[in-house]
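Next come the chains, spelled out residue by residue.
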Amino acid sequence: MEYFLQQTINGITLGAVYGLIAIGYTMVYGIVGMINFAHGEIYMIGAFIAVIAFTLLGMMGVTWVPAAVLIVLVTAMLFTAAYGWAVERIAYRPLRGSFRLAPLISAIGMSIFLQNYVQLLQGARVKSIQPIVTGAIPLIETGHFQVAVTYIQILIVTLTIALMISFSLLITRTRFGRAQRACEQDQTMAALLGIDVDRTISMTFMIGAILAAVAGVMVTLYYGVVDFFIGFQAGIKAFAAAVLGGIGSLPGAMLGGFLIGLVEAYWSAYFSIEYKDIATFSILILVLIFRPSGLLGRPDVEKV
Amino acid sequence: MRKTLFGLVAAAGLAVASTVSAQEIVIAVAGPMTGSNASFGEQFRRGAEMAVADINAQGGVIRRKLRLEVGDDACDPKQAVAVANQLASKKVVFVAGHYCSGSSIPASEVYAEEGILQISPGSTNPVLTERGAKFKNVFRVCGRDDQQGGVGADFVMEKFKGKVVAIVHDKSQYGKGLADFAKARFNEKGVKEALYEGINVGDKDFSALISRLKQAKVEAVYFGGYHTEAGLIARQAKEQSLNIALIGGDALVTNEFASIAGPAGDSAYMTFDADPRKNPVAQQMVAKFKAAGYDPEGYTLYAYAAVQIFAQAAAQKKSIKLDDLVAAMRATKFSTMLGEIGFDGKGDVTSPAYKVYAWKGGKYDYAN
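Just so you know, the sequences run in chain order R and D. If you read the first sequence in my numbering, its first letter stands for residue 3, the second for the next number, and so on. If you read the second sequence in my numbering, its first letter stands for residue 23, the second for the next number, and so on.
Note that these hints are calculated values from the structure, not bench results. Do not take every clue at face value.
Derived BS3-like pairs (lysine-lysine); straight-line CA-CA distance at most 27 Å [as the list claims (entries may be wrong)]:
#: 1; chain 1: D; residue 1: 183; chain 2: D; residue 2: 214
#: 2; chain 1: D; residue 1: 300; chain 2: D; residue 2: 181
#: 3; chain 1: R; residue 1: 129; chain 2: D; residue 2: 193
#: 4; chain 1: D; residue 1: 100; chain 2: R; residue 2: 129
#: 5; chain 1: D; residue 1: 368; chain 2: D; residue 2: 355
#: 6; chain 1: D; residue 1: 368; chain 2: D; residue 2: 340
#: 7; chain 1: R; residue 1: 129; chain 2: D; residue 2: 385
#: 8; chain 1: R; residue 1: 129; chain 2: D; residue 2: 382
#: 9; chain 1: R; residue 1: 129; chain 2: D; residue 2: 198
#: 10; chain 1: R; residue 1: 129; chain 2: D; residue 2: 312
#: 11; chain 1: D; residue 1: 355; chain 2: D; residue 2: 87
#: 12; chain 1: D; residue 1: 385; chain 2: D; residue 2: 185
#: 13; chain 1: D; residue 1: 214; chain 2: D; residue 2: 377
#: 14; chain 1: D; residue 1: 239; chain 2: D; residue 2: 211
Values in this document were obtained by computation on a predicted structure and should not be read as measured data.
Model the full structure from these sequences, guided by the hints.
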């Protein structure tokens, strides 16, 4: 039982990271109907900025951990938002209105470009930082197994939940959210009613990038290691999470993220770690066979 | 600026390549110059470059200068084959490489076909030299995993006598091979591991594995795999306040292991051949490397020695034909930066000496 609980904690933390990245996929799909395959690289860039910023802060002598984490978070968010904006502006906007596959291919190209760009700029080596947020709270202590939750796990999960709540509020309660939902439904009509569609789409990309940046910073803190290739694997998992939850649905992306995190943890816990990815993707396939639009997705209604 | 300089140098290299002088002997060093094992690629490259510079300073080999090509396989078997073909098309006569066994073995097929001498400074999987007469061109200056795994397992059974042991590998040719040799030794001596698990290279999250080790009350983990994953496992174990000792193989001999593992690296051990930096023969060379701002750790001096052996064999036979080189290598003892080295009929060194090292404060030294 204690063991199960510990693995649940591990899985939820992992799922929170997947969920944060998945929101970026699902939001972009919702508004422009394309899969932004470069999103995983945006997350990777967020992680690199975090490593650079932590190193710089360390050299400048900022040692109070909460301040350092906050500064790094804000820096990473600003920079990746700029990247998110630029990616949309350069690779997708010129292709809007062309045939459906064009932006998709452009996205794959962007992903390859960003990976190589970081590799050339930062080198192909693994970058590591010293543990920054350390320590754990023992929750249950029985004779043979101690369930502990580390501070960084608490930070990841609370930050994710806080972001999710504020983000849902942003979509449902604000002017921008209304514009965003309007663009999702019908861009032409939204434009006729005075909504700046280009700006709304740009903002959507930037918000997605910001959430990916948070995930990148958290992962840097959690594992302490980044390389230019991490965007690929995380991107695939997060994309799977978005599809599992129902692409286009925000709660779905979060749910999908947590589910995939938990499946990975439980499979690793009770079966074999070797085959955890196979387990994850098998579940994805099963869900899609029985619910093609994902767990919380609305079936696509053909607009006439 | 450094990038542009590098570009110029690369361009110059290309220009030279197009007008290759008959005088030069082209040799190569191949390994992971990029990717997560790039620190080992750097060890190889530094060692080989220094050796080539030193040999050329002394007039080259049979009065011809050596020119070094660098091949990057990123520890990817497919890329290793591509690199091997590329080197063959550049008329390379000798390759010091590769690092990952999973790269060295497929690449050696190309070298065997093309008649290129291959001396691996660091691939330890036994298969490399166990494939019969077709691969007479393949040698290595390091030991083998069947020796290394045994030494590692013996150390665990002595130091952690009666403690619970787990075996983890990374499914790579090197990692799983090493883990299986260790497992064989454990089981032979009546120690049954509590857990035998494979992980994925490139994974960052090992929290599930750590909890599992915790559940099984594991106190020592024998790890077959590369330093990135080893470092992450050590680090995450400490995060989850699990005190385990991690025992790995020669793929941990890079300071990068310590920087990934952080303070958790202090409970790690590894097996590696006798540290050549401690060899009296190498003292001057170590000083020379350090003066150039590089600590010749791990396989640096092995790569140096591989080039030395090629040069000595060629000088002895006054030829760079494969058959002559192989005949010389089978028959001679070479005096290298690693001390005296001789090869057996398979191409393995005749006197491998695995030692156990302990990591402490970001440095490694003999455990006992």
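Okay, the hints, checked on the actual structure:
1. D/183 <-> D/214: Answer holds: residue 183 of chain D to residue 214 of chain D is near 12 Å, not above 27 Å.
2. D/300 <-> D/181: holds (24 Å)
3. R/129 <-> D/193: holds (23 Å)
4. D/100 <-> R/129: OK: residue 100 of chain D and residue 129 of chain R at ~25 Å, within 27 Å.
5. D/368 <-> D/355: holds (15 Å)
6. D/368 <-> D/340: The hint holds at about 24 Å.
7. R/129 <-> D/385: Holds. Residue 129 of chain R to residue 385 of chain D sits at ~18 Å (cutoff 27 Å).
8. R/129 <-> D/382: Holds, at about 21 Å.
9. R/129 <-> D/198: holds (25 Å)
10. R/129 <-> D/312: Cα-Cα ~23 Å, so holds.
11. D/355 <-> D/87: At roughly 24 Å apart (the allowed maximum being 27 Å), residue 87 of chain D and residue 355 of chain D satisfy the hint.
12. D/385 <-> D/185: holds (26 Å)
13. D/214 <-> D/377: holds (24 Å)
14. D/239 <-> D/211: holds (21 Å)
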